[in-house]
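Asks: Below, each chain spelled out in residue letters.
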Amino acid sequence: ARRTIVKEVWGPVALPSGVTNPKSRLVPGSPHPPGPKFLLLQGHLELGSGLRRSNSWTCCPCISQKSPLQTIGEEQTQNPYTELLVLKAHHDIVRFLVQLDEYRFASAGDDGIVVVWNAQTGEKLLELNGHTQKITAIITFPSLEVCEEKTQLILTASADRTVIVWDCDTGRQVQKVSCFQSTVKCLIVLQRLDIWLSGGNDLCVWNRKLDLLCKTSHLSDTGISALIEIPKNCVVAAVGKELIIFRLVTPTGESLEWDILEIKRLLDHQDNILSLVNVNDLSFVTGSHVGEMIIWNILDWTVQARECNFWDPSPQLDTQQEIKLCQKPNDISIHHFTWDEENVFAAVGRGLYVYNLQMKRVIACQKTAHDSSVLHIAKLPNRQLISCSEDGSVRIWELREKQQLAAEPVPTGFFNMWGFGRVNKQASQPVKKQQENATPCSLELIGDLIGHSSSVEMFLYFEDHGVVTCSADHLIILWKNGERESGLRSLKLFQKLEENGDLHLAV
Amino acid sequence: MISAPDVVAFTKEEEYEEEPYNEPALPEEYSVPLFPFASQGANPWSKLSGAKFSRDFILISEFSEQVGPQPLLTIPNDTKVFGTFDLNYFSLRIMSVDYQASFVGHPPGSAYPKLNFVEDSKVVLGDSKEGAFAYVHHLTLYDLEARGFVRPFCMAYISADQHKIMQQFQELSAEFSKASECLKTGNRKAFAGELEKKLKDLDYTRTVLHTETEIQKKANDKGFYSSQAIEKANELASVEKSIIEHQDLLKQIRSYPHRKSKGSALCSAETQHAQDQADQVATTSNPDESADADLYTRRPAYTPKLIKAKSTKCFDKKLKTLEELCDTEYFTQTLAQLSHIEHMFRGDLCYLLTSQIDRALLKQQHITNFLFEDFVEVDDRMVEKQESAPPKPSPGRPPSRSLDECPIPQVFVSVGSYKSSVESVPIKMEQELGDEEYKEVEVTELSSFDPQENLDCLDMDMKGSISSGESIEVLGTEKSTSVLSKSDSQASLTVPLSPQVVRSKAVSHRTISEDSIEVLSTCPSEALIPDDFKASYPSAINEEESSYADDSEGAIHFQASISPPELGEAEEGSLENTLSQTDSSCCIGKESDSLRVPLSTPAHTHSDPDGVVSSPPQRYRQKDQGFHVDFAGENASPSRDNSSEGFPAFELDPSRLLASRDVSKTSLDNYSDTTSNMSSIASTSSDRTPSSAHPTGPSSERHKKRAGQNALKFIRQYPFAHPAIYSLLSGRTLVVLGEDEAIVRKLVTALSIFVPNHSRHAKPVKHWVSSPLHITDFQKWKLIGLQRVTSPAGAGTLHTLSRYSRYTSILDLDSKTLRCPLYRGALVPRLADHRTHIKRGSTYYLHVQSVLTQLCSKAFLYTFCHHLHLPAHDRETEELLASRRASFLKLNLGLVNEDMKVVQYLAELLKLHYVQEPPGTGHPTLRPPGT
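Going down the list, the protein sequences come from chains A and B. Here the first sequence is numbered in the working numbering, starting from 203 and rising by one per residue. Here the second sequence is numbered in the working numbering, starting from 4 and rising by one per residue.
Note that these hints are calculated values from the structure, not bench results. Note that the structure is a prediction, hence the values are computed from the model and not measured. Backbone N, C-alpha and C fix where the C-beta goes; we use that ideal spot for every residue, glycine too. Be a bit skeptical, because a hint or two may be false.
[As the list claims (entries may be wrong)] Restraint-style ranges between C-beta atoms, simulated for each label pair:
| # | chain 1 | residue 1 | chain 2 | residue 2 | range |
| --- | --- | --- | --- | --- | --- |
| 1 | A | THR334 | B | HIS369 | 44 to 52 Å |
| 2 | B | ASP817 | A | HIS706 | 48 to 56 Å |
| 3 | A | THR279 | B | GLU742 | 53 to 61 Å |
[Said to hold, decoys possible] Using 20 Å as the maximum straight-line C-alpha spacing, the simulated EDC-like pairs for lysine to aspartate or glutamate come out as follows:
| # | chain 1 | residue 1 | chain 2 | residue 2 |
| --- | --- | --- | --- | --- |
| 4 | A | LYS694 | B | ASP877 |
| 5 | A | LYS336 | A | GLU304 |
| 6 | B | LYS893 | A | GLU685 |
| 7 | B | LYS366 | A | GLU685 |
| 8 | B | LYS308 | B | GLU184 |
| 9 | B | LYS769 | B | GLU744 |
| 10 | A | LYS694 | B | GLU881 |
| 11 | B | LYS783 | A | ASP704 |
| 12 | A | LYS694 | B | GLU744 |
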C-alpha cells in the first residue's frame, strides 16, 4: 500500500515546544534561516584569503561547538545528479509530490494549486485550480500499482474543507466533495476494496463515485495525522498520542451497509505520533515527537520492539547533564520512516538512524545528517538513502559495512556528538571504539544536492529521471543524472538527424 | 588610369522579366581583393587620388528641363562630406550617361501618348580628374507637368575607390533598386492622383464649355455659327481629346505591373486598389458618370478648376520637387533606405569584403554559431538576407543554395568546409547623421615623432578629453606616407617571441596550485608577479597603485625598461602610437595562419558536397600571398598553444579601415576605460592611436572593442584569469563580486565575450545584481556581477554565494581573489595569454572569436560523431563508449585535462540547441561540476 505522508501537525493544537511553525519557516528571498541554520564564519567571508582548505569549502553551523555537520566537497564523484532543472509554478510552499506514472508527477502546496509535470523534460503539463486554500493531502486513485487501464485520478484535500477528484490526463475536475466538518488531513486509498478514506476529525469512507459509505464519530479535535492500511480490512489512524485501529465492515450477503468500527486504542506513545508507516507484511512502525519508535505487529497490534533512546545510543553516557541541555524534543522527533527488507530508516531530529529488524537495534546512525530537522527520507537501490531537511539540503547517503580496523580511525565528525562544548575531546579513543561496536554500519555522505533556499518538504525518486524535490521556497527542482542526460540528448540528436535524413553512417 | 567618361553600361534590353543584376559573373566570393598597389609598397589606406570629398556619399541629381543637370541632395546631408567636390559638375557627368531610351510621348503607331515603364539603368562611372567613381542609378519619375511627362533622376553612390564600386556593384545595385522602387511606387501613386485631379478639371471644363456652347446655340438662332462658337467647339473638342488621353494615361499608370514591388504589402494593396480603380475607369463608358463618381465619392474635397484652353508652357513655372513628385511617406522611406545604403557601404572595401565573407562563413556554421557569436547580429543578417534573398545570389553565399534549402548540417562535414572564421565586424547603421567632426589636424600631429608629447597628448586623451569621442580620420596625407617608409622595416618585429613563450608557461604554472581546488592569488602584491612578467609589462603593475597622473611616469618607466632582447617588443609599443596604418599590411597573412584549425581529424574527410568554403578563392591569390586570407584546410599542429606565435604584434584594427565615422561621446560610459585606474599603459597606448578614436557601429562594434580591451586588461592583471575563463567556458557560473558597480560592470562586459550562449535569444550574462542570488539565477546566468554589500544584509548575499559554491566560481574584485576549480588545460592559455602581443581590444576580440570558433568546431565534431555517443552494435557497453569518447577528445581533438570538460559542455549546449526545435524554449540546465 502506498504510504501516506504526514509531517506536520495542523489545527488548533498547541505546537510542542521546539516545533517550528511551518509558516514561520524560511520565506524565499530571505536567505538567512531562523534558528540554528548556517552562518558564515569570518574566515569564509574572505573568499580565498590564503587559507588552503582541502577540497571542501562549506558552510559551518553557527553553533560550532555542537557536533559539526558532515560535509562533502564539490567534487562529489559518487553523486550522479549533476544537472538540475528548476521548475517554477507555485506561489507558496510546495509540500507534496506524488508520482503519477513513469514520467509524470504532481505537486501541490499551500497555494492550493496542483501542477502536473513531466519528469523527463520538466515541462509543466497541467495546472489544476480548484482549491481556495492550502492543500493538506494528495493521493492518486487508483494508486500506482494498478493504473494501466483506467484513467488515473488524483484526490486532493484542502484546508477549505473540500476534496476534489481530478482527472490527471485532462486536468478536468471530476468531482468535488464539500461536506466535511473539518479539514481532511490524510487520505488513503484501499485499492482492494476500491474505496478511499479521509481522515480529519473523524474518519470517512468513500467509494470511487464519491458516495459516503460510512463514517466514525468525532474522534478528536486534533484530527487524524496519519492513516495506514493493515490486513484484515483494518486501518490504523494516528490521533495525537494514540493509535486507533478501525475495522471496515464490508457489505456481505446479509447486509449491504458499510460500516467502520473502532477495534482498539494503543496508548504506548508518550507524545504526539508524527509518523506511521507500514514496514512489511508483518509489522508497521510509528514514531513520536519525543523520539520513541515502536514497531508493531501488524496482525495482533502488539509491540514488537521499541527504541526510545535515539538521544542516548551509547550505553555509557557520562555526560548526562550536557545532553539534557541540548536535547530539545525537536531534536529527536521522528518525522519520517522508510524501510527495506532488513532495516527501518528513521529520520530522527537532525539525524538518520538505521534500525535493523532482525537485530532489533540501531546498526548505523548519523546524528547530524542535516543542520535542521530531517523531513523526508527514502531508500534508493544500492543501499542508498536520500534525506531532505528543513535546512534546505538534500543528501544522499550510502549504508556501508564498517570496517573493523582499529588502526584506521574513523573520520571525525561522524560520531562526535558527545563532544559538545569540547571538540578536542571527541577523538578520544575509547568512546570511538564503543561507537564502532555499537554501530556495525555507517552512513557515508556521497552527495549533497544544494539548490533550495528553504526547507525541502519532500522528494520523489524516479528511477529513470532522477530526483524531484519540493521546497518552501516555492520551487521544485529536478535533479538529473548528467551522464545519462547527455546520452539521452545524443540519442535525440541522432534521431532527429535521422528523421531529417541527414544521418549518413560511414561505411 | 581611366579616361573620362569611363562608362560601363549595365542596362538591359528586357522589360520586366528578369532581374538585371544577376547576369554578370559574381566576384570571387571568398577572396579579399588585393590592394592594387601593394607591390609598390604604398599605403592602401591613403587616398588613391586627390578626391575632394572626405568619404563616400550618395548624390541625387535631376536633369531639369529648365536648368539642366542639377544636384538635389546628398546623403549624408553635410557639406563636410563632399567638401569642395563640385556637385554641379558631377551631376552633369552622371546625368549625361543615361543609356536608357525612355521615350515617352506619341509613339508612331499610337494615337495617345504612351507611358514607357523603363527599367532603371545602372552605370558605373569614373572620373579620374575629380578622383571620384560612382555607381549611378538612373530612374525616371512621372510628372504631368513635365515635358513628355517624365523627369529623369539619378542616384549616385560616389566613392574615391574605384574597386569598391566595381566589386560591390551587385550589392549597390540591389540596394539602390530597392530605393528606386520605393521612390517610383510613391511617384506612381502621386502621378495617378495628379491625373485624377486633372481629369476632374478637364471634366469640369468640358461641362462649362458645353453649357456655354449651348447658351450660345440658344442665343444664336440664325443657323450659322459665329467664330466664337467655332472656337468654343474646338476648345470643347480638344478638352474631350485631352480627357481621353488622360484617362488612358491613368489606366496605364495604374496597370503598372507590380511584379517589382516584391514583399511590400503596402504596395500590393495599393496595386489592388489602383487596379480596381483602373478597371472602374475603363468600364465607365460615360465620362460624365465617372467624373461625377470621382467628384462626389472619391475626392469630395477637391474642387475642380477651369482649365484654360491654351495652357502655356512657361519656363518660369516651378517644377515639382522630388518630395512633391513622390508620396511623402514613400519619400521618407526612400531617404531611409539611402542612408541605410550609405551606412552599409561605409568603410574600406577590404573591410566590406571581409565582413561579407565572415557573414557567409558564419552562416554556414548555423549549428554552432549561436554559441559565441553576437546573436542579434546573426539574426539581423538572417533577416536581412532573407529579405533580399529570393532572386539575388549574394556574393556571401553560393548562388545555387539558399540557407532555407538545407537547414540541416551534414553529419560528416569536411574539415575544409568547417574552417574557423573570425567574427565579422558588421557595418551597422548609425542613426544620427549630423554632428560629425573630423579632426584631421590631429592625425598629422599624432603621426609626428615626439614620444613624450605623444604620450602627453594621449594622456589627455585618456582622461576623456578626446578619447573616443570624435572620430579622427586617418587620411593619406604626405606625412603619413612618410611614416610608412620607416615602418616597413618593422614588419619583422613580429617574429622573435619564442623565448618569452616558454617563460610565460612557467609563469602560469606558478600561479596555479596543484593541491587545491582553489586557485588563489592576490594581485596587488608585486611579489607574486613573476619577474619576467614584470619586466615586460611594468606598467601593468605600476598603474595598479598609481593614479592617472602617474601614467606618463609609467610610460617613461616603460620605455626605460627596454632590455635588448625585448627591444622589438618595446619598440613596437612605442611605435604603436605612431603607426596608424602601415602595420596592417603585414599582419593579415599572419593572422590567417592562426585561423587554421589545429585539428587533425583524418576520420572525417568526407567532403561536404555543398561546402562553399572548400573551394578556396582564386581571384587574387596569384598576386600576393601575404594578403590573402587562406581558408583552405590545412592542419596546423595542435601543439600550437600560444597566441603570440600566431599573431603579429601589429594588429589590424578593422574599425580603422572604416572610413571616418562619427561617434556619440556620451554613450556607453561603462565600457569606457577613461575613468578607470585599471588601465594599463600597454593597452591604453595602443588604444589611443588615432584610429582608435574611430567610432564604430552604434554600440556593438564599440562594445566588442571595449570588451576586448577590458578582457585584455583582465588577463594581464590577474594571474588567475585562466581558471576564471575556464569557469565560463565550462558553464560554471562566475560571480564577479565587488563594491563598485562601474568596475564590476566593466569586468562583466569584458568577460562576457567568453560566455557561451544558450540560444540565440538569451545571453546568460547579468551585469549587476544587488540582491541575494537564487538557484534560478545560476540556471539563467553564467556570468553575474554582484554587489558586495557591507551592511548586515550583505551577509545573506554571501551566504547564498557560499551555499551555492558548488555551482559557482567567485571572483572577488575587491580583494582580488578567485575561488574556482583548478584548471590545467592548454586551451585557455592560448585564448588568454597574459603575455600576448595583441594590443587592441578589437583585435583581441577577434582573436578570442577565432579561438572560440576553433573550439566550437571541435565541439561540433565531438557532438556529431555517431560512434562516440551511440554504440555501434548491441554488445558495446557504456564504458566502452565512454572510453572512446575520452580517447577521441584526447587524441583526435588534442584536448588535455579540463579542456575536455569545456568541449563536453559546449557539446551539451549544441545538442540542446539542435534538439529543441524552436531554440530557447527549453530550460537551460544547471550543471554542477563533476560531470
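Asks: Run every hint past the structure and note whether it holds.
Replies: Now the hints, each set against the structure:
1. About 50 Å separates the C-beta atoms of A/THR334 and B/HIS369, a value consistent with the hinted range of 44 to 52 Å.
2. At roughly 55 Å, the beta-carbon separation of B/ASP817 and A/HIS706 lies within the given 48 to 56 Å, and the hint holds.
3. Distance hint check: the CB atoms of A/THR279 and B/GLU742 are about 37 Å apart, inconsistent with the given range 53 to 61 Å.
4. Only pairs whose Cα atoms come within 20 Å are accepted, and A/LYS694 paired with B/ASP877 is accepted, the gap being roughly 18 Å.
5. A distance of roughly 27 Å separates the Cα atoms of A/LYS336 and A/GLU304; the hinted pair therefore is violated under the 20 Å criterion.
6. In summary, the hint linking B/LYS893 to A/GLU685 is supported, as the alpha carbons are separated by about 19 Å, within the 20 Å threshold.
7. Among the hinted pairs, B/LYS366 with A/GLU685 is inconsistent with the structure: their alpha-carbon atoms are about 31 Å apart, more than 20 Å.
8. As the CA atoms of B/LYS308 and B/GLU184 are separated by approximately 32 Å, the hinted pair breaks the 20 Å bound.
9. Pair hint B/LYS769 plus B/GLU744 holds up; C-alpha atoms about 12 Å apart against a cutoff of 20 Å.
10. Of the supplied pair hints, the one linking A/LYS694 and B/GLU881 holds, its CA atoms being roughly 17 Å apart against a limit of 20 Å.
11. The suggested pairing of B/LYS783 with A/ASP704 is violated, with an alpha-carbon distance near 32 Å, which exceeds 20 Å.
12. Between A/LYS694 and B/GLU744 the alpha-carbon distance is near 43 Å, which puts this suggested pair outside the 20 Å criterion.
Violated hints for the displayed structure, listed by number in ascending order: 3, 5, 7, 8, 11, 12.
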